[in-house]
Amino acid sequence: MTYAFDEQTAVVPLGDGAWSVDLHGGWTVGGGLNGGYLLAVLGRTLGEAMPGKPDPLSTSAYYVSAATPGPATVRVRVRRDGRATATASVELLQDVEGHEVVRVTALATCGDLGRTTGDVRTTAEPLVLPPPEDCVGATDVAPEGARTPPRLMSRFDLRIPREQAGWAVGRPSGRGEISAWFRLEGGREPDVLALLSAVDALPPVTFCLGMPGWAPTLELTAHVRARPAPGWLRVRHATRNLAGGMFEEDCEVWDSTDRLVAQSRQLALAPRTS
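The sequence shown begins at 1 in the UniProt record's numbering and counts up by one.
What the hints contain is simulated information worked out from the structure, not anything from laboratory work.
Label-pair distances were calculated between CB atoms; the ranges are:
hint, residue 1, residue 2, range
1, Val-136, Glu-100, 38 to 48 Å
2, Glu-189, Val-12, 18 to 28 Å
3, Gly-31, Gly-186, 24 to 34 Å
4, Pro-131, Arg-240, 27 to 37 Å
5, Asp-95, Gly-186, 25 to 35 Å
6, Val-102, Gly-52, 22 to 32 Å
Note that beta-carbon positions come from the ideal geometry of N, C-alpha and C, so glycine has one too.
Kindly produce the complete structure, drawing on both the sequences and the hints.
In structure tokens form, the structure reads like this:
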């Protein structure tokens, strides 16, 4: 069975370290395409470029300009290829009126998580959420005044605990934390690429600070720690500091066996308040 996510992140080799991709408009949010989706596209390309080390263990991506739906090119340059890991630079580019414009530039270290299957030990406490059926869907909790949910919300199933969705009725919690159940469209089972998407899938934590609106990602570093088990993922985003018009957003992703399978931190612009 072919899933929409696999079609929407598919890349085609062009030769000389380049791949083409048709960026899907269904991942649109605010003024561009979702950062987690773009990170998954980069991750798929890195896996194609380094088949012996298919898993992006650590990826630091800078979002230089807003990517738009349509054709794009991904270029990979392997900087070092060692026994267990390889490091590569990767860029996502689009043609704008005859000029090649960088959308995302990243540095990634890749390896093979299959060599360490099950080797996850942590002192972190697993994320506990109400059952998915007792939570509310993301399309049902748009902030007050929003006309329609962002298009990307139909690309996955997101279930948010009711007590964390107060922004939808004008009662933001003020805690700077949002958690949710996550799974891709069509019930596609999670893998490493799904984890890269999940780290940027939840509404910005600024929603629960009473600041709804688009929060463009400036930089996002994702660490993939293990290949996830089948089933729902549990995701938590949190912030502790908003300063200079920017905020950090820390993320944890837990799989169905209570393993902490991915972590990330991003720096994003705070939504405009007027």
